[in-house]
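Student: Listed below are the residues making up each chain.
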Amino acid sequence: MGRYVLRRLAQAVVVLWAAYTLSFLILDLLPGDPVTAMASAGMDGGTVDPAELAAIRAQYGYDDPMPVRYLTHLGDALTGDLGNSVATGRPVVQTLADALPSTLQLTAAALALAAVLGGGLALAATYSRRRWLRQLLLSLPGLGVSVPTFWVGLMLVQFLSFRLQWFPAFGNEGASSLVLPAVALAIPTGALVAQVLAKSMLTTLDEPYVQTARAKGAGRARIHLSHALRNASLPALTVVGLLAGQLLANSVVIETVFSRDGLGRVTAAAVGSQDLPLVQGVVVLGAFVFVLVNLVVDLVYPLLDRRIAVAGVRRSLA
Amino acid sequence: MTDILVTPVALAPPAAVPQTAVPVRRPRRLVRFLVRRPGLVLAGVLVLLVVVAAFAPGLFTGQDPLVGEPVEKFTAPGAAHWFGTDELGRDLFARVVHGAALSLKATLIAVSVAFVVGGLLGLVAGFVGGWVEDAIMRVVDVLLSIPALFLSLAFVTALGYGTIEVAVAVGIASVAAFARVMRAEVLRVRTAVFVEAAHSSGARWYSVLGRHVLPNSLGPVLVLATLELATAVLAVSSLSFLGFGAPPPAPEWGSLISGGRNYLGNAWWLTAMPGLVVAATVLSINRIARALDGEWAAAR
Numbered sequence: 027m028g029r030y031v032l033r034r035l036a037q038a039v040v041v042l043w044a045a046y047t048l049s050f051l052i053l054d055l056l057p058g059d060p061v062t063a064m065a066s067a068g069m070d071g072g073t074v075d076p077a078e079l080a081a082i083r084a085q086y087g088y089d090d091p092m093p094v095r096y097l098t099h100l101g102d103a104l105t106g107d108l109g110n111s112v113a114t115g116r117p118v119v120q121t122l123a124d125a126l127p128s129t130l131q132l133t134a135a136a137l138a139l140a141a142v143l144g145g146g147l148a149l150a151a152t153y154s155r156r157r158w159l160r161q162l163l164l165s166l167p168g169l170g171v172s173v174p175t176f177w178v179g180l181m182l183v184q185f186l187s188f189r190l191q192w193f194p195a196f197g198n199e200g201a202s203s204l205v206l207p208a209v210a211l212a213i214p215t216g217a218l219v220a221q222v223l224a225k226s227m228l229t230t231l232d233e234p235y236v237q238t239a240r241a242k243g244a245g246r247a248r249i250h251l252s253h254a255l256r257n258a259s260l261p262a263l264t265v266v267g268l269l270a271g272q273l274l275a276n277s278v279v280i281e282t283v284f285s286r287d288g289l290g291r292v293t294a295a296a297v298g299s300q301d302l303p304l305v306q307g308v309v310v311l312g313a314f315v316f317v318l319v320n321l322v323v324d325l326v327y328p329l330l331d332r333r334i335a336v337a338g339v340r341r342s343l344a
Numbered sequence: 011m012t013d014i015l016v017t018p019v020a021l022a023p024p025a026a027v028p029q030t031a032v033p034v035r036r037p038r039r040l041v042r043f044l045v046r047r048p049g050l051v052l053a054g055v056l057v058l059l060v061v062v063a064a065f066a067p068g069l070f071t072g073q074d075p076l077v078g079e080p081v082e083k084f085t086a087p088g089a090a091h092w093f094g095t096d097e098l099g100r101d102l103f104a105r106v107v108h109g110a111a112l113s114l115k116a117t118l119i120a121v122s123v124a125f126v127v128g129g130l131l132g133l134v135a136g137f138v139g140g141w142v143e144d145a146i147m148r149v150v151d152v153l154l155s156i157p158a159l160f161l162s163l164a165f166v167t168a169l170g171y172g173t174i175e176v177a178v179a180v181g182i183a184s185v186a187a188f189a190r191v192m193r194a195e196v197l198r199v200r201t202a203v204f205v206e207a208a209h210s211s212g213a214r215w216y217s218v219l220g221r222h223v224l225p226n227s228l229g230p231v232l233v234l235a236t237l238e239l240a241t242a243v244l245a246v247s248s249l250s251f252l253g254f255g256a257p258p259p260a261p262e263w264g265s266l267i268s269g270g271r272n273y274l275g276n277a278w279w280l281t282a283m284p285g286l287v288v289a290a291t292v293l294s295i296n297r298i299a300r301a302l303d304g305e306w307a308a309a310r
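Chain order of the listed sequences is Y and P. Residues 27 to 344 in this note's numbering are what the first sequence spells out, letter by letter. Residues 11 to 310 in this note's numbering are what the second sequence spells out, letter by letter.
Simulated from the structure, these hints should not be mistaken for laboratory data. Check before you lean on any hint, since a few could be wrong.
[Said to hold, decoys possible] Chain Y stretches covered by chain P per the calculated footprint, using a threshold of three residues with CB under 8 Å from any CB of chain P: (1) 41 to 52; (2) 91 to 105; (3) 169 to 179; (4) 265 to 274; (5) 305 to 313.
Idealized CB from N, CA, C, for every residue including glycine.
Here chain Y stands alone, though its shape is the one from the complex (with noise of 0.2 Å):
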């Protein structure tokens, strides 16, 4: 167990050093030129004096080679520092740590309700007896995960914010103004995981533990719910790890949408200032958040399967 734990802790890090490498990248040879977009900020279209351009690649320090610069960079970000905004002048860390809380709870919110729509979507298809209604039940992820996901906040701001006025349509205060982007965010990731799961609760009621269970004489909900569902939760589980990177993606969608403070209005600033560091915070954000859910679902497989736990420690082994 002790080995599973930090081979998986030793392939988070070197991923999030990957992410953090492809983002420089990125971010770096491609066309754009991030002292001529700072300069332009504060200038408003005014012309730029070449010297004062010269030394403002000094101080940044984008005057020395590239290779220099990502080893500088890097080292940087190793002690915490991912350098500052170009827009504001924070630290970019200040600035995400800053924005992260509001999203992480509406991110949490709908996580929470993608797991118990999802889960009780697939478990109502599977345990429903009435063809039309399981057939019925599972076309509703298809539909789920086809609808643009701020077009649905914007849908139910619509009808439940200015029709029917049961919720406000904009802003962050309170766990009122957290129900609409939570729902609208839900509702592509809840598809998937009912998707998933249909499918593996299906595949388990098949297997032959499951008819010796019902052999024994155990109710249909008890070997729908204590005997399939553990195992059939494996792969839903998975998902909802990959899922995870996604659904803070779409929240920053859906912060826009509703107008909310957080992550989302930080990263479309930063997007729309070509504000470079900010950016590549962001990324490398995003891919923590991807490590560190899939490094949560991994420690929580063995809990749920124990063969998992032998079988990564004989595969690291081999």
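Could you slot chain P onto chain Y? The hints should help.
Tutor: Then chain P, alone, in the frame of chain Y:
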């Protein structure tokens, strides 16, 4: 989003190519297949309509998408204006129809970029093997660990705004899924007996690759490409909703939805209609992809 949704589907054992069917009976089989699936037919018709709208918008509407009648602003959907009119009196249906060209172009560019770059990476990784494969697949793993939207946003930051830039950014963000599926297929085909036979009868590596490996490993990648069309429509419209797509007067689907945002209270159709069109398109593409992915082969 793509990779997660798609990988298990596309990695499934390749659908048996319906070569067993006698060629003469094929049309009848197709008719029977379609008659039993009215939803699939509807999906096909819808996608066809979108494609036609992209190439010949004049067939659907004679109204100008960019110039409106100020007197008719905020007309609710009706016989004269199917989707209503916007704040400048422009016909929304005309804007959606003309927007199809922009959105379809972006989608096709995105999928082509992902298909070509990802396919090549996967092909090289699977065919060459060794450290090349390791290196490529590690990069692909990293691409998978960065949320697609963030990756696209990083590219948009570097490339600038515009339909093509957004399309390329979306395409590169979905390279990883293609590389994975392509590599898995090449690995599967490479060990097949006929490939070994080709090698041992003295065929050059490029002819083995071109005549045996590539044609036999392309199927699942093409299914993935179909699914990716749907994802790309959504991704492109998200980015143009955020305002990184074509500049304002252009009627891109995503920007149409975001344009209606300010009039949610008095003109619901400005957001609802373009959104419905996007949703219906994505749903149709997904339905067709599902039919291609095994449903056709499974139906006898």
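Student: Hint by hint, say whether it matches the structure.
Tutor: A quick look at each hint next to the structure:
1. 41 to 52: Three-residue rule met by the stretch 41 to 52 of chain Y, so holds; n is 6.
2. 91 to 105: violated (count 0)
3. 169 to 179: That given contact holds, which follows from 8 residues of the stretch 169 to 179 of chain Y lying within Cβ reach (below 8 Å) of chain P.
4. 265 to 274: Since three or more residues must qualify, the claim that chain P covers the stretch 265 to 274 of chain Y holds, with 6 doing so at under 8 Å.
5. 305 to 313: holds (count 6)
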